[in-house]
Amino acid sequence: GAVVSQHPSRVICKSGTSVKIECRSLDFQATTMFWYRQFPKQSLMLMATSNEGSKATYEQGVEKDKFLINHASLTLSTLTVTSAHPEDSSFYICSARILAGGWQETQYFGPGTRLLVL
Amino acid sequence: AQSVTQLDSHVSVSEGTPVLLRCNYSSSYSPSLFWYVQHPNKGLQLLLKYTSAATLVKGINGFEAEFKKSETSFHLTKPSAHMSDAAEYFCVVSDPYNQGGKLIFGQGTELSVKP
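Read top to bottom, the protein sequences are chains A and B. Taking the working numbering, the leading residue of the first sequence gets 85, the next gets one more, and so forth. Taking the working numbering, the leading residue of the second sequence gets 156, the next gets one more, and so forth.
Since the hints were derived computationally from the structure, they do not count as laboratory data. Any given hint might turn out to be false.
[What the hints assert, rightly or not] DSS-like, lysine-lysine: derived pairs with alpha carbons at most 25 Å apart: (1) B:K224 - A:K125; (2) B:K269 - B:K257; (3) B:K223 - A:K125; (4) A:K104 - B:K204; (5) A:K98 - B:K197; (6) A:K150 - B:K257; (7) A:K148 - B:K257; (8) A:K125 - A:K139; (9) B:K197 - A:K104; (10) B:K257 - A:K139; (11) A:K125 - B:K204.
If you're wondering where the values come from, they're calculated on a predicted model, not measured in any experiment.
So that you can see chain A by itself, here it is in the shape it has in the complex (with noise of 0.2 Å):
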């Protein structure tokens, strides 16, 4: 259980393109999914937190119009990079937090998606 897919792996756009990453959680519905940027050998960045109807909450510093979220149901999250430029190549990783038991919670992250902007 707890499985969460991330659509494409890998893309490859040109400079100025919009492209689209999606989340989804197989096998749960997560009312709160996260966002995340990894350069390499680096560790994960949160860029923003996805709320199933509801705006996004994004990180200082991460514009929310070139990183458009949505989240339109329970199970799915999309991250839309608009106008993409080379330096937003990245590898982008999302979770969805399962809540147990109050406030107990655990997230579950999908496999990443390579994005090479040339």
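Chain A is fixed; fit chain B onto it per the hints.
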């Protein structure tokens, strides 16, 4: 504020020998603590988690970790390393009463396993 420090950026062991990956945390409340593993170009897999129950936590693949409040540590151990254990390991803290339960990641420890 919460923080996590992984004391070693890289650990190298021989196959069959013990593994110790060190982690210290800082949290203003009783935290949840996690260890995740990441293989190259893959997402993160949960190894184990501590959420105020038993201080010795057993995880998957023979890993375990001990929560020591007095030392603010949550070191990850395994009695005998396997080649397939070579990966990046992240120690993570979450404080549900602070910052909405966001995960705070350590910088990661790369584990190499020599034949």
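Do the hints match the structure? See the list:
| no. | hint | verdict |
| --- | --- | --- |
| 1 | B:K224 - A:K125 | violated (30 Å) |
| 2 | B:K269 - B:K257 | violated (35 Å) |
| 3 | B:K223 - A:K125 | violated (29 Å) |
| 4 | A:K104 - B:K204 | violated (32 Å) |
| 5 | A:K98 - B:K197 | holds (24 Å) |
| 6 | A:K150 - B:K257 | holds (22 Å) |
| 7 | A:K148 - B:K257 | holds (19 Å) |
| 8 | A:K125 - A:K139 | violated (31 Å) |
| 9 | B:K197 - A:K104 | holds (19 Å) |
| 10 | B:K257 - A:K139 | holds (17 Å) |
| 11 | A:K125 - B:K204 | holds (24 Å) |
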